[in-house]
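Chemist: From first to last, the protein sequence lines are chains P and X. The opening position of the first sequence corresponds to residue 1 in the working numbering, with each subsequent residue numbered one higher. The opening position of the second sequence corresponds to residue 1 in the working numbering, with each subsequent residue numbered one higher.
No lab work stands behind these hints: they were computed from the structure. Be aware that a few hints might be false.
Rough simulated footprint, nothing fancy, chain X against chain P, three-plus residues with beta-carbon under 8 Å [as the list claims (entries may be wrong)]:
#1 2-11
#2 39-51
#3 67-73
#4 121-127
Backbone N, C-alpha and C fix where the C-beta goes; we use that ideal spot for every residue, glycine too.
Residue-level listing of the chains:
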Amino acid sequence: MRVIAWLVEGTWPACVDAVRAHAPDDAEVVLLHVSGPDVPAVAHGAFAGLLGRDHPRGHRPAEGWGRDPGDRLEALGGTSAAALLDAAAERLGRPCAREERSGRVEREVVAAAEGAGLLVLARDGDRSRLGPKSLGPAVRFAVDHAPCPVLLVWPEPAPDLTTMPPPPPHRP
Amino acid sequence: MAVPAAGIAVATGAISLDHARAEAERLGPVVGFLAAVLVLAHFCDVEGLFQACGAWTARWAAGRPVPLLTAVFALASAITAVLSLDATIVLLTPVVFATAARTGVRPKPHVYACTHLSNTASLLLPVSNLTNLLAFSASGLSFTRFAALMALPWLAAIGAEYLVFRWFFARDLAAAAPADRGTGEAPRLPLFAVATVGCTLAGFVVASAFGVEPAWVAAAGALALAGRAVVRRKASPLTVVRAAAPAFLAFVLALGVVVRAVVDNGLSDVLGHVVPAGTGLPALLGIAALAALLANLINNLPAVLVLLPLVAPTGPGAVLAVLLGVNIGPNLTYAGSLATLLWRRIVHQHEHDVDLGEFTRLGLLAVPSSLAVAVVALWGSLRIL
């Protein structure tokens with residue numbers, strides 16, 4: 001059985017701990033990180049907004065005012081994803097594979113989960129109360145579309161039951 | 001692109017040679033000032049100022065996302081105000097991304113903060129933005145008076161952005177993993193760079209009191225930093241020239257000529273009917289909104305070149321209202337304007353995939369709120385000072 005743990009900055013330790021607690025000893029564990037295009041794209045856009053600084057296509061200098069900070073962010077993103085997977089593998093403390101993907105995050109996660117026995121992921125929404133808003137759009141998409149069983153964990157201790165909204169009024 | 005266009009404008013008689021020369025002479029000192037600021041920022045980077053700033057914020061925030069956002073706001077606002085928006089976008093953004101990633105914090109709010117503040121925080125000083133330099137020479141204000149009038153709008157706009165960011169990115173800012181990877185040792189303070197920038201700022205104030213062009217002060221600061229780098233063999237004279245971005249300087253001159261040609265051929269008559277008259281609060285709001293709209297259509301450099309001749313006779317208040325619009329407005333559109341966006345779509349097609357919905361939602365919240373409070377603050381400053 002293959003267990004995929006989708007790790008995101010800020011919430012990944014809970015996923016690793018869930019794998020340690022719930023994955024069978026003989027399971028093949030894959031630590032997955034997906035880099036979205038949106039953060040480098042914000043920097044690309046800001047640079048494009050600086051009228052007259054851009055260089056013609058295919059002529060991007062690595063130094064000076066003509067360099068696009070988005071390119072640098074893409075390179076740095078790869079380094080930081082690798083560092084995150086290293087830290088996660090160390091915390092996991094058992095043999096595992098590492099997978100780095102880039103693209104539309106929620107779709108890459110679903111694609112990576114194909115044929116898996118379990119997908120482990122962490123809530124990424126408003127975690128101050130129990131309820132549907134504790135899932136952000138990416139996790140919501142992955143939960144809705146996952147082609148395999150899903151283990152959904154709280155990144156920190158779950159809020160208590162009093163945070164649940166009252167039941168709707170009884171209809172006669 | 002703009003240089004041949006300027007050549008065509010002159011050759012076809014769309015602008016007379018005299019007008020083109022007058023425009024170039026008017027923009028010459030502005031371009032020189034810009035070159036000095038670019039050299040200053042470049043050699044601050046060479047001296048390690050931006051790396052040191054990243055290390056300081058990492059140590060101070062210690063992996064907590066909200067303090068990191070606060071630190072990034074303070075840092076990006078200061079860097080933009082003093083070393084120009086180019087420095088924040090090209091030099092600071094990668095450092096902030098690396099700092100967030102290294103300390104286990106989601107980079108998105110912090111990178112967005114850099115791009116938004118490169119616009120919003122570029123209100124304070126004439127050197128903060130090329131649009132300011134252009135308006136500064138047209139407004140007749142002294143360096144100190146410009147900064148004094150813009151201080152309150154600058155703080156108000158940054159404050160509004162901060163509140164919007166705290167609310168908009170609340171989910172990302174709540175996610176924190178313990179950073180075991182350490183925040184590194186204490187960074188070395190690039191004393192010479194900090195001292196040079198400090199002396200340059202003080203020099204602006206002194207020069208302004210004695211009626212000396214502040215561009216000379218900027219040039220002196222740039223020469224001090226660049227000269228030191230050349231003497232220490234960290235740079236050659238060629239790298240100093242490159243740091244001044246000569247292609248960009250030529251672009252600014254050419255753009256000025258092209259815009260002058262368009263304005264001469266009827267645009268000023270059309271816009272002259274739309275620009276509100278007076279310097280009351282409603283007029284200032286109208287001018288700022290029109291400037292923001294125009295900046296989002298055709299980018300803020302052409303927008304400020306078009307609007308300045310129309311509002312300059314009304315007085316400094318109207319000129320500064322234009323600046324609020326053209327500096328804060330670009331946060332509404334990805335890539336700063338619809339024109340740039342279309343151009344990128346044509347040239348690159350879909351090379352970079354950005355979530356335009358999220359970008360635009362943030363802009364729709366941040367731009368009207370920060371622009372409105374900034375205009376009210378400017379109106380107040382004009383009455384008090």
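Chemist: Now tell me, hint by hint, if it's right for this structure.
Modeler: How the hints compare with the structure:
Under the rule that three or more residues need a Cβ within less than 8 Å of chain X, the assignment of the region 2-11 of chain P holds, with 4 such residues. Taking a C-beta to C-beta cut-off of 8 Å, the region 39-51 of chain P contributes 13 residues in contact with chain X, enough for the three needed, and the coverage statement holds. Taking a C-beta to C-beta cut-off of 8 Å, the region 67-73 of chain P contributes 5 residues in contact with chain X, enough for the three needed, and the coverage statement holds. With 4 residues carrying a beta carbon less than 8 Å from a beta carbon of chain X, the region 121-127 of chain P meets the three-residue requirement, and the given coverage holds.
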